[in-house]
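Novice: Next come the chains, spelled out residue by residue.
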Amino acid sequence: GQNIDQPTEMTATEGAIVQINCTYQTSGFNGLFWYQQHAGEAPTFLSYNVLDGLEEKGRFSSFLSRSKGYSYLLLKELQMKDSASYLCAVRDEGGADGLTFGKGTHLIIQP
Amino acid sequence: EADIYQTPRYLVIGTGKKITLECSQTMGHDKMYWYQQDPGMELHLIHYSYGVNSTEKGDLSSESTVSRIRTEHFPLTLESARPSHTSQYLCASTASRRTYEQYFGPGTRLTVT
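Each protein sequence line maps, in turn, to chains A and B. For the first sequence, position 72 matches number 72 in the numbering used here, and the numbering has no gaps at all. For the second sequence, position 72 matches number 72 in the numbering used here, and the numbering has no gaps at all.
Just chain B, with the same shape it has in the complex:
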């Protein structure tokens, strides 16, 4: 059982608010990822990190930002939420060896009204 956590699980918020989606893993994985998934659609990589103080943008352009100050923590922030940000956000992590399996957190379903 993978130990990767996301909070909140569900969030409904008004336009213009600043929000932070939390992601933590206790497996000591150095690589972490954020994916965005609209209903019935594929997952798109929006951010990733090789390790502490490393952050990179993914394939899908996103107005969100991330930080990686501690190995286990990889929060995602939206400075000013808009309805177009309504989606599911999935956090994942992997170790830099073996099969590179990515373990996913339960996701945060965000609705911006």
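Bound conformation, chain A alone:
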């Protein structure tokens, strides 16, 4: 089975930087995803890590340490539209590629 933990809620200021942490305990691991989900909408893909290290994509970066069961999502130059839930998800080793999601971190951006 999988257990994924991330903070329930975070608050940050427009223009600043925020780091959202995710820890996982899994029976198998084949990659970690970050998704963004605005209220009432479908999740949209942000990043994917399967090897240790940092992946950068514009204002968003994601880091993975497989030995520590730890990942973070870093958001720079925060904008009001970044207010959303950020979901950490782990892909299992089975062939179906199904994802196990954390409960998500609700990020509030203040002016």
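It is worth saying that the hints were derived from the structure and are not from the lab. Please note that the accuracy of each hint is not assured.
As the list claims (entries may be wrong) - Computed from the model, here is a short list of chain B residues facing chain A with C-beta under 10 Å:
| no. | residue |
| --- | --- |
| 1 | Asp-3 |
| 2 | Pro-8 |
| 3 | Leu-11 |
| 4 | Lys-31 |
| 5 | Glu-42 |
| 6 | Asn-53 |
| 7 | Glu-63 |
| 8 | Gln-102 |
What the hints assert, rightly or not - For each label pair, taking beta carbons as the anchor points, the in silico distance ranges come out as:
| no. | chain 1 | residue 1 | chain 2 | residue 2 | range |
| --- | --- | --- | --- | --- | --- |
| 9 | A | Ser-65 | B | Pro-83 | 26 to 32 Å |
| 10 | B | Met-41 | A | Thr-44 | 15 to 21 Å |
| 11 | B | Thr-26 | A | Gln-79 | 29 to 35 Å |
| 12 | B | Val-12 | A | Asn-21 | 35 to 41 Å |
| 13 | B | Gly-16 | A | Glu-14 | 47 to 53 Å |
| 14 | B | His-73 | A | Asn-21 | 34 to 40 Å |
Here a beta-carbon is modelled for each residue, glycine too, at the ideal position from N, C-alpha and C.
Using the hints provided, position chain B relative to the given structure of chain A.
Specialist: Leaving out everything else, chain B in the frame of chain A:
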């Protein structure tokens, strides 16, 4: 922009009714998924499919059933809806290569009264 569609977007229905939630994708993806998400809670995988004529149950037990007769279509059916089925149902698909990114449809918000 991913091309995955779900209908209806919103459905309010009485207890005991049979309902089918539709999901279609035009990307030719072989793997498709159904997730269930209660407000403020995590997504739970309830069904998945490797391809045509393949269906499997996910991590969360569900009274719903699915079918996969065509690659692009993965409908979910509840034979007799109950209030406990009230939730958001999200369909997703992925190709069996590259980053395995799952593309999500807009979801169906189901309310059973």
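Novice: Now, for every hint given, state plainly whether the structure supports it.
Specialist: Status of each hint after checking the structure:
1. Asp-3: 13 Å, violated
2. Pro-8: Nearest chain A Cβ about 15 Å off; hint violated.
3. Leu-11: 15 Å, violated
4. Lys-31: Constraint on Lys-31 (chain B) satisfied, holds at 6 Å.
5. Glu-42: With Cβ-Cβ at 4 Å, under 10 Å, it holds.
6. Asn-53: 15 Å, violated
7. Glu-63: Cβ of Glu-63 (chain B) sits 19 Å from chain A, so the hint is violated.
8. Gln-102: 6 Å, holds
9. A:Ser-65 - B:Pro-83: 26 to 32 Å: 43 Å, violated
10. B:Met-41 - A:Thr-44: 15 to 21 Å: 19 Å, holds
11. B:Thr-26 - A:Gln-79: 29 to 35 Å: 31 Å, holds
12. B:Val-12 - A:Asn-21: 35 to 41 Å: 38 Å, holds
13. B:Gly-16 - A:Glu-14: 47 to 53 Å: 50 Å Cβ-Cβ, so the 47 to 53 Å window holds.
14. B:His-73 - A:Asn-21: 34 to 40 Å: Taking Cβ atoms as reference, His-73 (chain B) and Asn-21 (chain A) lie about 39 Å apart, which means the hint holds.
Against the hints set out earlier in the document, violations occur for numbers 1, 2, 3, 6, 7 and 9.
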